[in-house]
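Trainee: One-letter residues, chain by chain:
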Amino acid sequence: MAMSRDEIFQKVSAVLVDALGVDDEEVTAGAVIRDDLGAESIDFLDIMFRLEKAFGIKIPRGELLPDNVANDPNFIKDGMVTPEAISILKQKMPHSDFSEFEKDPQLDHMSKLFTVNAIVNYVEGKLK
Amino acid sequence: MRWYWIDKFVEFTPKQSASAVKAVSLAEDHMHDLYPDFPMVPHSLIIEGMAQTAGMLVGEARGFCEKVILAKINRATFHRLVRPGETIVYTANVEQLNEAGASISGTVSVRPAEAGMPVELVAEIELMFSHIDKNMAGMEFPEHNFVFTEHFTELLRVFGIDTNVRL
Numbered sequence: 001m002a003m004s005r006d007e008i009f010q011k012v013s014a015v016l017v018d019a020l021g022v023d024d025e026e027v028t029a030g031a032v033i034r035d036d037l038g039a040e041s042i043d044f045l046d047i048m049f050r051l052e053k054a055f056g057i058k059i060p061r062g063e064l065l066p067d068n069v070a071n072d073p074n075f076i077k078d079g080m081v082t083p084e085a086i087s088i089l090k091q092k093m094p095h096s097d098f099s100e101f102e103k104d105p106q107l108d109h110m111s112k113l114f115t116v117n118a119i120v121n122y123v124e125g126k127l128k
Numbered sequence: 001m002r003w004y005w006i007d008k009f010v011e012f013t014p015k016q017s018a019s020a021v022k023a024v025s026l027a028e029d030h031m032h033d034l035y036p037d038f039p040m041v042p043h044s045l046i047i048e049g050m051a052q053t054a055g056m057l058v059g060e061a062r063g064f065c066e067k068v069i070l071a072k073i074n075r076a077t078f079h080r081l082v083r084p085g086e087t088i089v090y091t092a093n094v095e096q097l098n099e100a101g102a103s104i105s106g107t108v109s110v111r112p113a114e115a116g117m118p119v120e121l122v123a124e125i126e127l128m129f130s131h132i133d134k135n136m137a138g139m140e141f142p143e144h145n146f147v148f149t150e151h152f153t154e155l156l157r158v159f160g161i162d163t164n165v166r167l
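Protein chains in written order, with my numbering: chain A, 1 to 128; chain B, 1 to 167.
Bound conformation, chain A alone (with noise of 0.2 angstroms):
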């Protein structure tokens, strides 16, 4: 039987209490895993670890967290992350949700597109 959303969210939340030694209440669906939760950069793969190990599933090299887009000079002007990066995050993130995102889109402000619901979105895709 197919998993609720409610019960991967409980799942996503056990493995963010695990990695990052935060508290049940703190996981909450907007939770932004850096800014929020104290994640540091190492603190991801270990997400991602505890991820595939949950959910059986398989996450392939930047696919819930695309990599090299922050250090493309291109993609970056004025400390503001250009329309044309944006449209390409929004493909490589689906899962993501970039309405605030987009109002002010420092670079600074893209630790904001990783949530914990972003993070629900995702697993619920893998396990469709």
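Hints are computed from structural coordinates only; laboratory data are not their basis. Virtual Cβ for every residue (Gly too), placed ideally from N, Cα, C. Wrong hints could be hidden among the right ones.
[Claimed, not checked] Here are some chain B residues the structure puts well away from chain A; computed CB gaps all over 12 angstroms:
id, residue
1, Ser-44
2, Gln-96
3, Leu-97
[Said to hold, decoys possible] Below, simulated BS3-like cross-link-like pairs (lysine-lysine); rule was C-alpha separation at most 27 angstroms, straight line:
id, chain 1, residue 1, chain 2, residue 2
4, B, Lys-8, A, Lys-53
5, A, Lys-58, A, Lys-77
6, A, Lys-103, A, Lys-53
7, A, Lys-58, B, Lys-72
8, B, Lys-72, B, Lys-15
9, B, Lys-72, A, Lys-11
10, A, Lys-53, A, Lys-11
11, A, Lys-58, B, Lys-67
12, A, Lys-77, A, Lys-90
13, B, Lys-8, A, Lys-58
14, B, Lys-15, B, Lys-67
15, A, Lys-53, A, Lys-128
16, A, Lys-58, A, Lys-128
17, B, Lys-72, A, Lys-53
18, A, Lys-128, A, Lys-11
19, A, Lys-53, B, Lys-67
20, A, Lys-103, A, Lys-11
Starting from the known structure of chain A, arrange chain B on it as the hints suggest.
Mentor: For chain B alone, coordinates are given in the frame of chain A:
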């Protein structure tokens, strides 16, 4: 002193598992650093021994081309102290391995100094390793592999594992 916290590999199955041993001697300085008159191996160095055992396993899986660093101690649960005269046995198993890194689960046990005593569990340890060139976009590291130095790969050569490291 060389930064060896294992003496010898006793089992090495590429991409799967490895076991290494270390004989614990009263002559080692660190045995006396924690408590006066109560020599023991610090837990941090037991974790380091597991990291060396597991790190070689992770490095060998990609022909020692990656710079493998210990990125995270996911869990380290200790059940027993390790005292002089005992032999530590590290067993590491690859849980996950991909181009970005690896996760490892392992157990640490000891053969007690007293004859006829059974092997006892010391610790359960879970580690995560990162291939830093794949995870630190924008940062540059030396081209040569400063992780797997000749000293470490010698441990595997002694065990008959080919290690073609670019030094």
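Trainee: All hints, please: hold or fail.
Mentor: Taking the hints in turn, this is what the structure says about them:
1. Ser-44: 19 angstroms, holds
2. Gln-96: 5 angstroms, violated
3. Leu-97: The assertion about B/Leu-97 is violated, with a minimum of 10 angstroms to chain A.
4. B/Lys-8 - A/Lys-53: Measuring from Cα to Cα gives roughly 31 angstroms; hence the hint is violated.
5. A/Lys-58 - A/Lys-77: 34 angstroms, violated
6. A/Lys-103 - A/Lys-53: 36 angstroms, violated
7. A/Lys-58 - B/Lys-72: With Cα atoms ~21 angstroms apart, A/Lys-58 and B/Lys-72 stay inside 27 angstroms; holds.
8. B/Lys-72 - B/Lys-15: With a Cα-Cα distance of about 20 angstroms, the restraint between B/Lys-72 and B/Lys-15 holds, given a limit of 27 angstroms.
9. B/Lys-72 - A/Lys-11: The hint holds at about 21 angstroms.
10. A/Lys-53 - A/Lys-11: 11 angstroms, holds
11. A/Lys-58 - B/Lys-67: Judged against 27 angstroms, a Cα distance of about 23 angstroms means the pair holds.
12. A/Lys-77 - A/Lys-90: 18 angstroms, holds
13. B/Lys-8 - A/Lys-58: 35 angstroms, violated
14. B/Lys-15 - B/Lys-67: Measuring from Cα to Cα gives roughly 16 angstroms; hence the hint holds.
15. A/Lys-53 - A/Lys-128: The hint holds at about 17 angstroms.
16. A/Lys-58 - A/Lys-128: Cα-Cα ~13 angstroms, so holds.
17. B/Lys-72 - A/Lys-53: 17 angstroms, holds
18. A/Lys-128 - A/Lys-11: Distance ~16 angstroms between A/Lys-128 and A/Lys-11 Cα, so the pair holds.
19. A/Lys-53 - B/Lys-67: 24 angstroms, holds
20. A/Lys-103 - A/Lys-11: With Cα atoms ~32 angstroms apart, A/Lys-103 and A/Lys-11 exceed 27 angstroms; violated.
Of the numbered hints listed earlier, those contradicted by the structure are 2, 3, 4, 5, 6, 13 and 20.
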